[in-house]
Every structure is written in C-alpha cells, then in structure tokens.
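Residue numbers (our numbering), protein chains in the order written: chain A, 1 to 143; chain B, 144 to 286.
Since the hints were derived computationally from the structure, they do not count as laboratory data.
From the three backbone atoms N, C-alpha and C, an ideal C-beta is built for every residue, glycine too.
Just to be clear, a hint being listed does not mean it is correct.
When the alpha-carbon atoms are kept at most 30 Å apart in a straight line, the in silico DSS-like pairs for lysine-lysine are as follows [claimed, not checked]:
no.	chain 1	residue 1	chain 2	residue 2
1	A	K75	B	K204
2	A	K75	B	K159
3	A	K16	B	K225
4	B	K159	A	K61
5	B	K250	A	K16
6	A	K123	B	K250
7	A	K82	B	K204
8	B	K159	A	K82
9	B	K266	A	K107
10	A	K61	B	K218
11	A	K9	B	K283
12	B	K283	A	K61
13	A	K16	B	K218
To spell it out: a stretch of chain A is covered by chain B in this simulated footprint if at least three of its residues, at any positions, have a beta carbon under 8 Å from a beta carbon of chain B; those stretches are [what the hints assert, rightly or not]:
no.	stretch
14	30-41
15	48-58
16	61-70
Take a look at the letters that make up each chain.
Number of protein chains: 2
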Amino acid sequence: MANRNPPSKGFVLDPKLDEDTIEINRLHFCRVLLMNDSNYPWLILVPQIQNIRELHELPPKYLSEVISEIVSISKEMQELFKPDKINVAALGNQVSQLHIHIIARFKNDIAWPFPVWGVNPIKKYNDEELKKLTLVLQAKLFS
Amino acid sequence: MANRNPPSKGFVLDPKLDEDTIEINRLHFCRVLLMNDSNYPWLILVPQIQNIRELHELPPKYLSEVISEIVSISKEMQELFKPDKINVAALGNQVSQLHIHIIARFKNDIAWPFPVWGVNPIKKYNDEELKKLTLVLQAKLFS
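Using the sequences and the accompanying hints, generate a full structural model.
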C-alpha cells in the first residue's frame, strides 16, 4: 500500500484513548479501537495522522478515505449488532486528537434516547467478554 | 443546478427540527438550520432527501456532497466564531430524519467539556439577537 502514501508516519495514539480502549484493527487510514464500555457496542476510529484535531482540517484526499472507513464500519456495525440507531460523532472536547465515535444504540440501552457521553458510568468488559467480542469484531468487520 | 439532480423533491423537514430551529439557508444538498439555543453557536445540516436516517444510508454521490457541505460550514464557523473546538455529530435517537449537528464549543461555555445534549436547558434567542445572528450567518457563511 506504499503507493497510497499511508499517513501513519510519526503517528502516536493519544494516551487517554489508549487507556480507554482496545485496539481491534488498523485500516489504511484509521486505527479501530473498541471502547472498553460494555453498555454499548462502541468503536472509535482514529485517523493515523499526527496533529489533526478537526474533521475539516483533514486534507481532502485523506478526508474522503476517512469518511469511507467511517461508512464502512457503520454499515458493518449495523449488520452485526442490528441496532436501532448508529451514532457518529467527532467531539474531542476532552481528547483533542481527532477521533470519531461510532456507537450502536438500542432503545433499551441505559442511556437511550440520550447520547452516551457522561450519562452512565463506564462498565468495563471482563476478560472473557472482551476476548469473545474482539474475535467477533475481527472476524465480521475485517475478514 | 438541475443537472446536478437536487435531491429535494418530496423532502419534508421533520416537525421537531422545524420547531427547534430557524432556517438560515438552503445549500445544494443540505438545509442549514440555526438551533434556537443561545448557549452555543449551533447549526444543523439536514440533507434534503426523504427517508434517510443514517449517514451510511446516503448514496455515495450524495454522501460526498453532504460531507463537503459539513466541512465547508465547519470551516466557516471556525473562522467566524473562533471556538476552541467544533463538535460534529449525527445522532438521531430522538429525531430519526438524518441531521448533522455542527456546534462551536468554547472552554467557557456552560456545558464544556461535555457534549451539549441534555446538559443544560435551552436558552432561546430573543428577537433582536436572532435577527442579528441570522444576518451575520447569512453574510459570512453564504455570501
């Protein structure tokens, strides 16, 4: 893929994102992280480009690739989890490194109909749940 | 613009979005609405396509146009309001018609660093504020 000029040179994941998530895969542009919160199927895409804070700061050629990966993961989450809604958001008030939340939401999840941030305490996966979900995600989303 | 096949035929804005916002402009793909909440500069883009709930449901040719309008408005809000962060989000748990929030956030706004939804009661603009802001937005964002 060298001819597509992967933008990851010098990229370092923000320590807070690293702490709160488990890496599931690396796509061409984005690192795919699982938020360690079993309340919702919650992935975070991080474009592997250093010093970008906003979607609109992405160079156009990178933006279209990042959007393509967001859409692809959203579709795969829809198919895998069959949620009532997908929430997609680039917020970044607390972690400024550009990252995009993709969250499968259900009418019976504990935050519905409100957004997930700050509504409920995080409920970490146990080791068994984490191993199982990681395998499912890797098999279904990236096979 | 007829040759670009504007997707607005038969489009009807969701009544809740209509109630909570003031229309500022119509771009080629999206209607641009001002959220009637003076706590934050808060625009909502609504792709004028009927029966679309999710970003990933947009046909690719429409998606790239919608993303282009999101990025364009985000850049213009950054320049106009000089916020500390732009929040971009497609949630839709309460209003399912696809709509994208673009919110200028400041470290001294009343919800910072949390997302804006449900944190504070809405504070409507008075008539004078609304008239002034509408004129500023129309002049700066769409001239």
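So, going through the hints one by one against the coordinates:
1. Under the criterion of a C-alpha separation no larger than 30 Å, the hint pairing K75/A with K204/B is consistent with the structure, at around 17 Å.
2. About 27 Å separates the Cα atoms of K75/A and K159/B, which keeps this hinted pair within 30 Å; it holds.
3. Of the pairs offered as hints, the one joining K16/A and K225/B holds, with about 26 Å between alpha carbons and a cut-off of 30 Å not exceeded.
4. Of the supplied pair hints, the one linking K159/B and K61/A is violated, its CA atoms being roughly 36 Å apart against a limit of 30 Å.
5. In summary, the hint linking K250/B to K16/A is supported, as the alpha carbons are separated by about 19 Å, within the 30 Å threshold.
6. The straight-line distance between the Cα atoms of K123/A and K250/B is roughly 28 Å, inside the 30 Å bound, and the hint therefore holds.
7. Of the pairs offered as hints, the one joining K82/A and K204/B holds, with about 25 Å between alpha carbons and a cut-off of 30 Å not exceeded.
8. For the proposed pair K159/B and K82/A, the alpha carbon gap of about 26 Å is at most 30 Å, so the pair holds.
9. With a CA separation close to 28 Å, the supplied pair K266/B and K107/A stays within the 30 Å bound.
10. As the CA atoms of K61/A and K218/B are separated by approximately 17 Å, the hinted pair is consistent with the 30 Å bound.
11. Taking the CA atoms of K9/A and K283/B, the gap is near 37 Å; set against the 30 Å cutoff, the hint is violated.
12. Between the alpha carbons of K283/B and K61/A the distance comes to roughly 26 Å, so the proposed pair stays at or under 30 Å and holds.
13. The suggested pairing of K16/A with K218/B holds, with an alpha-carbon distance near 27 Å, which does not exceed 30 Å.
14. Beta-carbon proximity to chain B at under 8 Å applies to 0 residues in the stretch 30-41 of chain A; the threshold of 3 is not reached and the given coverage is violated.
15. Taking a C-beta to C-beta cut-off of 8 Å, the stretch 48-58 of chain A contributes 4 residues in contact with chain B, enough for the three needed, and the coverage statement holds.
16. Here the stretch 61-70 of chain A counts 4 residues with a CB under 8 Å from a CB of chain B, which clears the bar of 3, and the coverage holds.
Going down the numbered hints, you'll see the structure goes against 4, 11 and 14, while the others check out.
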